[in-house]
Amino acid sequence: MTFEDAVFTFFAAVLLGSAAMVVTIRNPVKSALFLVLAFVSAACLWMLLKAEFLAIVLVLVYVGAVMVLFLFVVMMIDVNLAVLRQGFADYLPVGGLVAVLMVAEIALAVGPKQFAAGRLAHAAAHVAHPHYSNTRALGILLYTTYVYPFEIAAVILLVAIIAAIALTMRRRPDTKYQDPARQVEVRAQDRMRIVKMRTEPKA
Amino acid sequence: MSELTALWGNLPVWSQLLLWDLVKIVAIVGPLMLSVAYLTFAERKVIGYMQVRIGPNRVGPRGWLQPIADGVKLLLKEIIVPSGANKALFIGAPVLALLPALVAWAVVPFTSTLVLANVNAGLLFVLAVTSMGVYGVVIAGWASNSKYAFLGSLRSAAQIVAYEIAMGFALVGVLMSVGTLNLRQIALDQAGGFWHWLFLPLFPLFLVYFISGVAETNRAPFDVAEGESEIVAGFHVEYSGMTFALFFLAEYANMILLSALTAILFLGGWFPPFDFAPFTWVPPLVWFLLKVSVILFLYLWLRATFPRYRYDQIMRLGWKVLIPVTLVWIGVMGLVIFFTPWAFLFYR
Chain A
0 MTFEDAVFTF
10 FAAVLLGSAA
20 MVVTIRNPVK
30 SALFLVLAFV
40 SAACLWMLLK
50 AEFLAIVLVL
60 VYVGAVMVLF
70 LFVVMMIDVN
80 LAVLRQGFAD
90 YLPVGGLVAV
100 LMVAEIALAV
110 GPKQFAAGRL
120 AHAAAHVAHP
130 HYSNTRALGI
140 LLYTTYVYPF
150 EIAAVILLVA
160 IIAAIALTMR
170 RRPDTKYQDP
180 ARQVEVRAQD
190 RMRIVKMRTE
200 PKA
Chain B
0 MSELTALWGN
10 LPVWSQLLLW
20 DLVKIVAIVG
30 PLMLSVAYLT
40 FAERKVIGYM
50 QVRIGPNRVG
60 PRGWLQPIAD
70 GVKLLLKEII
80 VPSGANKALF
90 IGAPVLALLP
100 ALVAWAVVPF
110 TSTLVLANVN
120 AGLLFVLAVT
130 SMGVYGVVIA
140 GWASNSKYAF
150 LGSLRSAAQI
160 VAYEIAMGFA
170 LVGVLMSVGT
180 LNLRQIALDQ
190 AGGFWHWLFL
200 PLFPLFLVYF
210 ISGVAETNRA
220 PFDVAEGESE
230 IVAGFHVEYS
240 GMTFALFFLA
250 EYANMILLSA
260 LTAILFLGGW
270 FPPFDFAPFT
280 WVPPLVWFLL
290 KVSVILFLYL
300 WLRATFPRYR
310 YDQIMRLGWK
320 VLIPVTLVWI
330 GVMGLVIFFT
340 PWAFLFYR
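Protein chains in written order, with numbering that gives the first Met the number 0: chain A, 0 to 202; chain B, 0 to 347.
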């Protein structure tokens, strides 16, 4: 077993272990934290494959932003586990079916066919090049060959953001809010009046 | 001595590499921890003089041993775990806060030759690692089983996520200008006189980066996560002894990290401000440390000068001022680079 194999085995074991903990542990906050650990281990595995851009972006986006907001929500709501458990047997057939479907889809997408020896030789030759930069290679592909799919995906995300804001924003007539522009424009004479008067009335 | 070299030669290659890397890591973390200790001392002194006081001057000559005394005191104090707290996470949170602040130093270059790992995606790595620092704060707030701590951690999480966006956009401007993610290369592109430094063409982004940096490290005037006047001490209200000290170390290590990054990205890294005789005699490392110290002084100056922001104003500044400024400036840069003859201003 080489050093690389040992590193792979370690992170793969941590990834599988934490993924199992995500679904089995009772406390939802701990479950979210185990999901974070699973993401970090997956990022380390990608790093071993020299896919450093994907690895770093996984940590940056999912660990650094998405999971923080997720944790934010999970911490604030009080999850009642007893209620969650009630429907377990009822949902089992449907859930099982979805799980089987997903496993089949994953097998189709990343099955042994796609990883046949001949298919990977081309990619391996690229990666072995001393000046190979995964970030650069992905960037060039995204902005040349795949520029339209990339832009369309960006627009779809933008639409989703605006839709989410439009759906959740309610203007209540009775809320008090400040307008910073008006606050800055205020001058002394708008707020106070200087009155000249004697210190003491005349005797 | 010869026995030692023979022993070294007998070790397998991977363990030689591992040991050598460990030595390098100690050579970075050791001085860093010392700087953190003396940064706390500098802070108390600087703020003291700004408020017409003297500051700590009792322990050791002119008070120089004060940070050591503070460290020993914190080491000896009892670590109290509140009842109803989640013990494992309560103890783990300070470690999670300090870890990213130290890991990010792996890719920070001190001079063109002095860097632990000269990786191609260095800037992305720093962004990813520092974005994990928020977990320490969030977990500390939740595991403490205290309303004050929880409020502090919620404030901090929202604030850090908001300012990370502005910070990322400011870095996009740097990337457009230099065309590389390698921190060493970014600094090398700014060689030769301060008029080559990136803070001039990217001045708005430089300001946004610095302000977001102050907000990211939860420093005054953005320190609502602590907010002692409203929520006592925020996320670390339940922490004592060494666990509290780790949060303290993390905050100051993050300050030094962000100052070093500002120096590398915008202020020409280790290059002197003028590329002629008396300035080039000074070693590059000294220039780098000097720039980092100036930016650190700015942090202390800000703390002594500004009152704390109100929470809604922090959110307004982040989302409605800093992010639009960066977006507009990136757009301007793109247009200038592609459609006008002044592309040399931004692009090198």
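Careful, some of the hints might be misleading.
What the hints assert, rightly or not - Okay, the calculated bits of chain B under chain A, using three or more residues with CB under 8 Å as the criterion:
#, stretch
1, 55-61
2, 117-128
3, 144-158
To be verified - Here are the simulated DSSO-like cross-link-like pairs (lysine-lysine), alpha carbons at most 27 Å apart as the crow flies:
#, chain 1, residue 1, chain 2, residue 2
4, B, K44, A, K29
5, B, K319, A, K175
6, A, K49, B, K76
7, B, K86, A, K29
8, B, K86, B, K23
9, B, K76, B, K86
10, A, K112, A, K175
11, B, K86, B, K72
12, B, K76, B, K23
13, B, K86, B, K44
14, B, K72, B, K44
As the list claims (entries may be wrong) - Footprint (simulated), chain B over chain A, 3 or more residues, beta carbon under 8 Å:
#, stretch
15, 48-57
16, 97-103
No lab work stands behind these hints: they were computed from the structure. Here the structure is a predicted model, which means the values were calculated and not measured. By construction, the Cβ of each residue, glycine as well, lies at the ideal position given by its N, Cα and C atoms.
Subject >> Which numbered hints fail >> reply: Per hint list: 1, 4, 6, 8, 10, 12, 13 and 16 violated.
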